[in-house]
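For chain H, the structure is supplied; the task is to place chain D on it using the hints.
The residues making up each chain are set out below.
There are 2 protein chains.
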Amino acid sequence: MGGDHGPGVTVPAAVGFGQRNTDVQMILVGLEDVIQRELDRLEVAADSRIVIRPASEVVSMDEAPAAALRGKRDSSMRVSIDLVKSGEADCAVSAGNTGALMAMSRFVLKMLPGVERPAIASFLPTLRGRTVMLDLGANVNCTPAHLLQFAIMGTALSGAIDHGERPSVGLLNIGEEDIKGNDVVKEAADLLRSSGLNFYGNVEGDDIYKGTTDIVVCDGFVGNVALKTSEGLAQMLAAYLREEFKRSIFTKLGALFALPVINRFKRRVDHRRYNGASLLGLRGIVVKSHGSADAFAFDFAIQRACEEVRYGLLDLIRARLASQQPVETVE
Amino acid sequence: MGGDHGPGVTVPAAVGFGQRNTDVQMILVGLEDVIQRELDRLEVAADSRIVIRPASEVVSMDEAPAAALRGKRDSSMRVSIDLVKSGEADCAVSAGNTGALMAMSRFVLKMLPGVERPAIASFLPTLRGRTVMLDLGANVNCTPAHLLQFAIMGTALSGAIDHGERPSVGLLNIGEEDIKGNDVVKEAADLLRSSGLNFYGNVEGDDIYKGTTDIVVCDGFVGNVALKTSEGLAQMLAAYLREEFKRSIFTKLGALFALPVINRFKRRVDHRRYNGASLLGLRGIVVKSHGSADAFAFDFAIQRACEEVRYGLLDLIRARLASQQPVETVE
Chain H
1 MGGDHGPGVT VPAAVGFGQR NTDVQMILVG LEDVIQRELD RLEVAADSRI VIRPASEVVS
61 MDEAPAAALR GKRDSSMRVS IDLVKSGEAD CAVSAGNTGA LMAMSRFVLK MLPGVERPAI
121 ASFLPTLRGR TVMLDLGANV NCTPAHLLQF AIMGTALSGA IDHGERPSVG LLNIGEEDIK
181 GNDVVKEAAD LLRSSGLNFY GNVEGDDIYK GTTDIVVCDG FVGNVALKTS EGLAQMLAAY
241 LREEFKRSIF TKLGALFALP VINRFKRRVD HRRYNGASLL GLRGIVVKSH GSADAFAFDF
301 AIQRACEEVR YGLLDLIRAR LASQQPVETV E
Chain D
1 MGGDHGPGVT VPAAVGFGQR NTDVQMILVG LEDVIQRELD RLEVAADSRI VIRPASEVVS
61 MDEAPAAALR GKRDSSMRVS IDLVKSGEAD CAVSAGNTGA LMAMSRFVLK MLPGVERPAI
121 ASFLPTLRGR TVMLDLGANV NCTPAHLLQF AIMGTALSGA IDHGERPSVG LLNIGEEDIK
181 GNDVVKEAAD LLRSSGLNFY GNVEGDDIYK GTTDIVVCDG FVGNVALKTS EGLAQMLAAY
241 LREEFKRSIF TKLGALFALP VINRFKRRVD HRRYNGASLL GLRGIVVKSH GSADAFAFDF
301 AIQRACEEVR YGLLDLIRAR LASQQPVETV E
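Here the protein sequences line up with chains H and D, keeping their order. Heads up: the first sequence runs through residues 1 to 331, numbered per our numbering. Heads up: the second sequence runs through residues 1 to 331, numbered per our numbering.
Source of the hints: derived by calculation from the structure; they are not laboratory data. Just so you know, not all the hints are guaranteed correct.
Copies of the same chain look alike in the list, so a pair counts if it works inside one copy or between any two.
Here are the simulated DSSO-like pairs of lysine-lysine, each with C-alpha atoms no more than 27 Å apart in a straight line [what the hints assert, rightly or not]:
#, residue 1, residue 2
1, 266, 210
2, 186, 210
3, 210, 246
4, 252, 210
5, 266, 246
6, 85, 110
7, 252, 266
Okay, chain H solo, but in the shape it has when bound (with noise of 0.2 Å):
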């Protein structure tokens, strides 16, 4: 139900992912008849692959999330991440309140033993392909150990997808130097070059666009300004560009000339590509889309839980967790 948009866009992705995804079956989860009249509206039944789950409440973007885990019960929330819990569902993607999906599926789910705290990753475009980034804002302060089981869940996730033998993993910090940053990032950093990861070393902002890592491994608050200040600068980008486009009648023609190149690029760089932050470190899979995802930008983050499903992301966390206890040495 969540989102900025509801229904309206989730049930529109969830029917069309489903529909090119037969060996998929989605359950949708809200008040019964707002689904029901978006399924009437796309011309869809209800079937043995597209199955309602009545819940009577909805979550608010901005409940408070302790109020919601409360006082929420039956939220369509609630009740997915429940689907998870008990089996029903292999995985569970949500666009609404990051935080209060955060502490349900906290609650609901518990940790993967070796993880004392989840995190939120995403993949992000590169020079070079793509980078999975994480703690992206699920926590504001860290510990050097947090950040090394970042590392930990960001290496399965990064190799489960990308298919990467040993990813390797950046430190994000203000100068590739070990004597910089802070004391937190310092002993972060001796912690995975002990750790039999494939530790690259501290990375700077830079180099999370270049791609010089597979993974970049930050605290939330870092990372959720990197992330916001991106797509801050992306949008600012585009609209100059657009206004460039828009001066006179020959910028006009110039666009018309430049458009195939115009529509490539903007595909390319189209952030609606990399929707679906994973909620990394708990019992189950959960996928965050972006709020204001339309059904285009949905459908990748339901893309992002069935991969994560398909190739056994937990299992994957698990065996690289258990093999860090105790720490490894140095290869």
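Relative to the frame of chain H, chain D by itself:
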């Protein structure tokens, strides 16, 4: 002498600036023969308006700040700062090693009363104009009081250069709600609310380029990551756009038609126009140019320093700091 390119960039920039600004005397500090060779190449004679001040040493880009501070007393960097201290120069501009510049400036010039830590501040382009952001990397760990001091100095800088009466201050955070963020940011928000500054409240990463506030305040770790991430994203987008236009004979033709637009766009987002970060909080004006700056970019750094002198930035900061003690109540 500093920066990635040395006097081959800084001397032509200084000469050009001096020729356009006849009320400014330029003192070129560094290895005399190297500077003289550059002047000869430019067919410019050192005269009363362009003076060479010999300095026998050079601080390298990767030198440890403490080592440079102890060992390089006759470096171009140190001599420049000494000239500011003695009053012979009104400001110093360097493209050299940031850490060393900061350490030397702090040691030689000392801090303004009421400022515990210097901050690196820069203007960034936004959808509405431009925004002053600080700290961009001088301070990894900040207290709420430091962030308040940054806000005061940023207000003075923004007000002076952009002639704003009461520039607005945003506190960089990961959510607009007051409950979000870490303890330092929460306490800083309390201080800012009762500071008498035009405090807007929390802003998120995307607000930087939206231009939501005239000033964005954050600690140096977060600020540096946000800045470097922006650089990386802009470079990636530029590379993508170039690739798309070079894809075929048709796209190249499209590029030809779009060229005037693309050039205007490039000019508008040219980061060189924003070159020149102010080292705020010192008893003297020091501006840091990007190490990779070319002459065009370095010119903007000189311009920034001269504007700070012209508008009496130090006195404005002093006055704002003085009016803050004791802390004012909310208006």
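Checked hints:
1. 266 to 210: For residue 266 and residue 210, the Cα distance is within 27 Å both inside one copy (19 Å) and across copies (20 Å).
2. 186 to 210: Answer is within; shortest intra-copy Cα gap is 23 Å, inter-copy 33 Å.
3. 210 to 246: between (31 Å within a copy, 20 Å between copies)
4. 252 to 210: This pair counts as between: shortest inter-copy Cα distance 25 Å, intra-copy 32 Å.
5. 266 to 246: Result: close both inside a copy and across copies, 17 Å intra and 15 Å inter.
6. 85 to 110: within (9 Å within a copy, 60 Å between copies)
7. 252 to 266: This pair counts as both: shortest intra-copy Cα distance 17 Å, inter-copy 17 Å.
Of the hints listed earlier, there is not a single one the structure fails to meet.
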